[in-house]
Structure formats: structure tokens, C-alpha cells
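Visitor: Sequence:
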Amino acid sequence: MRHTSEQKLHLLISNDFHSLIFISKYNLIHGSWITIIVLQKKKLYGTGIWICEHPEVKEYLKNILNAVREALTADITSIKSVNLIITDNQGILLEKFAFDLLKIQFDAKESDPYFLKTEESLRTLCLKFSMLDSYLKPLPEDSIFSIELDTHEAALVSLSENPKCEDFPWIIRTDNSIETSGRTSLLPLYTVRTDHLALQLFVIGDTKV
1 MRHTSEQKLH
11 LLISNDFHSL
21 IFISKYNLIH
31 GSWITIIVLQ
41 KKKLYGTGIW
51 ICEHPEVKEY
61 LKNILNAVRE
71 ALTADITSIK
81 SVNLIITDNQ
91 GILLEKFAFD
101 LLKIQFDAKE
111 SDPYFLKTEE
121 SLRTLCLKFS
131 MLDSYLKPLP
141 EDSIFSIELD
151 THEAALVSLS
161 ENPKCEDFPW
171 IIRTDNSIET
181 SGRTSLLPLY
191 TVRTDHLALQ
201 LFVIGDTKV
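Position one of the sequence shown corresponds to residue 1 (the working numbering), numbered consecutively onward.
Derived by calculation from the structure, the hints in this document are not laboratory data. Take these hints with a grain of salt, some might be off.
Claimed, not checked - When the alpha-carbon atoms are kept at most 25 Å apart in a straight line, the in silico BS3-like pairs for lysine-lysine are as follows:
#, residue 1, residue 2
1, LYS117, LYS80
2, LYS164, LYS128
3, LYS96, LYS164
4, LYS164, LYS137
5, LYS137, LYS117
6, LYS41, LYS137
7, LYS103, LYS128
8, LYS164, LYS42
9, LYS208, LYS58
Said to hold, decoys possible - Pairwise CB distance ranges (calculated):
#, residue 1, residue 2, range
10, LEU187, SER160, 31 to 39 Å
11, MET131, LYS103, 32 to 40 Å
12, TYR190, PRO163, 15 to 23 Å
13, GLU153, GLN200, 29 to 37 Å
Cβ atoms here follow ideal geometry from the backbone N, Cα and C, with glycine treated the same way.
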């Protein structure tokens, strides 16, 4: 099956979020979580990553990716960022991974027709993720994670009315911020800038230094 530019970029985005947003953060399932969540090591863009094989986690990520895809299809500017939030069992923020979508463009065929530059940037992003354990402290075993979309009201209405997303409703955050421990630091990780995609990633967490 031949993919159009739009379809292929959606595939790139889906692969990136599926493998980078959550799974490659190995510390999240450190310790006794190993007995609960099954991991399998695979390669993405030539880089070794950990993929979660737990059916409920995979289904959760699949539903999130489906919502992101549907929102971007309806309005390419609707998703401002995708955030992975990790808290302790009291709701105190331990780590936050923010994927800021600065630009998605489908009509850059002349400068990067085969998405080679985009894939190379995502490969570098994978490598950056593999180094995170050197900077961030291990998480407690009872950590809790959730994924948030930073979007606008029209996108929320569109998703709620989309039959492809009817089994996975989204909830509006009522509070504007999450309480932190006061020990967290901002760690800029990487910025992807190609003709097709501009993606900025930073991490807020408790660093080792």
C-alpha cells in the first residue's frame, strides 16, 4: 500500500509517540513493576527501545494516538502539546515529559520528499531518550502516570462527537497546575526542526545532579 505524505507523517508521529512518549522511559517500570508490565526490546530508527506488551497499557496508548490523529486530521493546529505526567501516590509531580508540537506541514515534498531528515531527527530523539537514566533519579514503584493533550475547546468538542473516539472520553483538567516536590528541574532534551515537523521536547524531573 502506498502512503501519501499526510499518511506517512501520521505514521511517523504515531510511531514516535507510541515508542517515545511513555515506553522508552524505562525507570517508570523499574523494580516490582517488571512482574506486572511485560517489556520487549525493539529497534526504532536504529535505536534500541523498550516496548510495553501489557494489553491494557497498549490499548490506552492506542486510544491516545487515535485521538491525536483524529484531532490533527480535523485541524492541524489543534494539538499544542502532548504531556506525560508522572506523580507519586499522593499526586505530587515527579516527572513531566512535554512534547510541544510547534509545526506539522504536509506540503514540504520538494525539500524532503522521503522524510529522511525527519526520520534522522527522530532517530536522534530516540538516542536522547536512551540517555535519560543518566540524568533523572529512579521513580518509586507506586508511581502513577497519565497523558494530557494541550488543545482548545473546539478540538474537545470535535473528539467528543467523533465516533472513532466515543469509547475513550477525555476529561478537562479542573486545576491549572500540579503540585511539585520543589526539587524538580527543567531539562531541555531535544528539538526536531525539519520542513515537515517541528517538535520540542523537555522534561521536568528530579535530576541526579
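Visitor: Indicate, hint by hint, whether the structure satisfies it.
Guide: Going through the hints against the structure:
Among the hinted pairs, LYS117 with LYS80 is consistent with the structure: their alpha-carbon atoms are about 22 Å apart, no more than 25 Å. The suggested pairing of LYS164 with LYS128 is violated, with an alpha-carbon distance near 33 Å, which exceeds 25 Å. Between the alpha carbons of LYS96 and LYS164 the distance comes to roughly 28 Å, so the proposed pair goes past 25 Å and is violated. With a C-alpha separation of about 38 Å, the suggested pairing of LYS164 with LYS137 is violated against the 25 Å cut-off.
The hinted pair formed by LYS137 and LYS117 fails the criterion: a straight-line CA distance of about 32 Å is larger than 25 Å. For the given pair, LYS41 sits about 22 Å from LYS137 by alpha-carbon distance, which is consistent with the 25 Å threshold. Of the pairs offered as hints, the one joining LYS103 and LYS128 holds, with about 21 Å between alpha carbons and a cut-off of 25 Å not exceeded. Of the supplied pair hints, the one linking LYS164 and LYS42 is violated, its CA atoms being roughly 29 Å apart against a limit of 25 Å.
Our distance criterion of 25 Å between C-alpha atoms is broken by LYS208 and LYS58, whose separation comes to about 30 Å. The given range of 31 to 39 Å is respected by LEU187 and SER160, whose C-beta atoms sit roughly 34 Å from each other. The beta-carbon spacing between MET131 and LYS103, approximately 26 Å, falls outside the hinted interval of 32 to 40 Å. Restraint check, TYR190 to PRO163: a C-beta distance of roughly 36 Å breaks the suggested window 15 to 23 Å.
With their beta carbons about 24 Å apart, GLU153 and GLN200 fall outside the hinted range of 29 to 37 Å.
Consistency with the previously given hints fails for numbers 2, 3, 4, 5, 8, 9, 11, 12 and 13, ordered from lowest to highest.
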